[in-house]
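Protein chains: 2
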Amino acid sequence: MKTLNVDLGDRSYPIFIGQDLLNDAALITPYIHGKQVMIVSNETVAPLYFEKIALLFSGFDLQSVILPDGEKFKNLSILNQIYDGLLTHNFDRSCTLVALGGGVVGDMTGYAAASYQRGVNFIQIPTTLLSQVDSSVGGKTGVNHALGKNMIGAFHQPQCVIADTDVLNTLDNRELSAGIAEVVKYGLLGDLAFFDWLKPNMPALMRREPKALAYAIERSCSDKAKIVAADEKESGQRALLNYGHTFAHAIETGMGYGRWLHGEAVAVGMLMAAQMSCKLGFIESQSVNEIQQLLENAGLPIRAPEEMDVAEFLTLMAKDKKSIAGITRLVLLKKMGQAFLCDDYATEVLINILNQHLHAPS
Amino acid sequence: MKTLNVDLGDRSYPIFIGQDLLNDAALITPYIHGKQVMIVSNETVAPLYFEKIALLFSGFDLQSVILPDGEKFKNLSILNQIYDGLLTHNFDRSCTLVALGGGVVGDMTGYAAASYQRGVNFIQIPTTLLSQVDSSVGGKTGVNHALGKNMIGAFHQPQCVIADTDVLNTLDNRELSAGIAEVVKYGLLGDLAFFDWLKPNMPALMRREPKALAYAIERSCSDKAKIVAADEKESGQRALLNYGHTFAHAIETGMGYGRWLHGEAVAVGMLMAAQMSCKLGFIESQSVNEIQQLLENAGLPIRAPEEMDVAEFLTLMAKDKKSIAGITRLVLLKKMGQAFLCDDYATEVLINILNQHLHAPS
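Residue numbers (my numbering), protein chains in the order written: chain E, 1 to 362; chain P, 1 to 362.
Just chain E, with the same shape it has in the complex (with noise of 0.2 Å):
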């Protein structure tokens, strides 16, 4: 097992990284500070997980809410299904929330966290690849709205994060491609040996072998984890975090909730900011090559939805949170592996780039 501290002051926290951790009470239960637990799960991850998580909280008043399974439920209105949950058990402020499961529960228990009484403490147990190098660092939390995409939130830090790889292996190979879109993603915006690293190693880590996975998680919080420590609050460096994401969620919003999964949208937006940075001459068309040869290896799309017009896309860029006063600024590639934050491009480039994806014979 490997632990990563993720060093955020009082915040700071620990990631513990391998294989069969879920079996081990002393791991979590230190973590733990009153005596009310409340797992929230899903209707999928709870058959799979929840009756061996449980073991681990004997001793404890355990409660749990289950949710229904996927992205076009993480609304204010499901999240009121755990509050209900916390205050139908009289759960007070020295409680703790578990959240299993993958993204949308990761940042619901976590928004829950951060709202119930004014904040309690919450645990991460990812069980997604994806949630595992993503959303178990960072404290972003946070719900939908109808209108836009993780509108609703609060930064709020967990006790402690079990990323453990066994859980990997009950995922379907469309989520485990979604998850390594973020893995590539931290080769390119900041890591060029690990993008190096990926190259040779996709195979493994389709094949879901334990030790590239381990390897690949923990690189992926260490690389995540320096850029959050350095910017809690996302004012600068950590929107580099982004790559990708202005288009990505542009594509989710616009095909609904859920019919993308946010690695696959990602994917495709990576490839699209390459693209970008390709014709602003910032790297070579070899490198765009090499990011969407990787990017297919490793099973994902790598074109934008048909469905979606230019126009569209555009509307919804520009809804972006990184958007100040109307201009949507786009994370690009400054070099291979080296992300920068950028306002200053013609938009016609945006639209050409737009234009080959959205219209051109597939």
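By construction, these hints were calculated from the structure, which means they are not laboratory data. There may be inaccurate statements among the hints.
[What the hints assert, rightly or not] Some chain E residues close to chain P (C-beta under 7 Å, calculated; not the full set):
no., residue
1, Pro14
2, Phe16
3, Leu76
4, Phe155
Ideal Cβ positions, reconstructed from N, Cα and C, are used throughout, including at glycine.
Following the hints, position chain P against chain E.
Frame of chain E, contents of chain P only:
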């Protein structure tokens, strides 16, 4: 005009207190960082003050959301109207929300600001005495849940607060009295000299003399600011601000939100807490009489609602956010002008006080 600085490090902010402050754009605009301003108000306050306040923001992209008036609308569903307004008008992270109204508008607007895009700026223009002395200091924001008051929320500090005594002229008498209840609280919990000032000056406050009001607001805010600065997240001393509130919340929840004004419930709660402090031997019965007399002079109720019974009251009190492991901790008076947090009282004493209120002949 008096300026009181609430000292919270990089979250410090000023409270401006005085007459005729709402005609001065130069007072408020330095606290607005972007171009987008959303005034949130309610159907009672907006007709009185919206036009006047809107004049302060010429040159900004000004939008508004007008909520229904009342504590019963302080919930997630009505909160969503604020998010709808922000998203419909493409408000970004640099926007500022302006709360124009009483405590409900302030709490909801503050919570919308805390949670929209994980946190944007807000400014408070409290229009009731209660919100001027109470919710303008401390950063507590949130909404109610059907199962408990203020159960969903966040700590989020405003950029500035403008407490104009002129707006109190449109308050009805019941609202004025409810505000005075919180003023009396500051005297009782930690400022005996202020309590002694209040006794001869209550008639001036009831006549709404601007100088007396401004002094009472400033002294209350200053007392509260000292406590909040020492304990921003309510781990210890800040709980003393809840003097009378555990009883009060039981009354408000038991009677249904909005039937009793918060300050009215606090008045009875403070008296019950004083009676309990007397029964436990901390203060003299003469002091209890003084408190009761001051509350009566302020036109406040001094008896709990007869519709409630002891069992219901105890159950509701146990849901209080200060409760840990089922024990209802109470803020009581160690002596006049000095509150403390007590959890080792005999439940019989509490029941005895409840019986006095709920079953004694009126």
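(message) If you test the structure against every hint from before, which numbers come out violated?
(response) Hint check: 1 and 2 fail, others pass.
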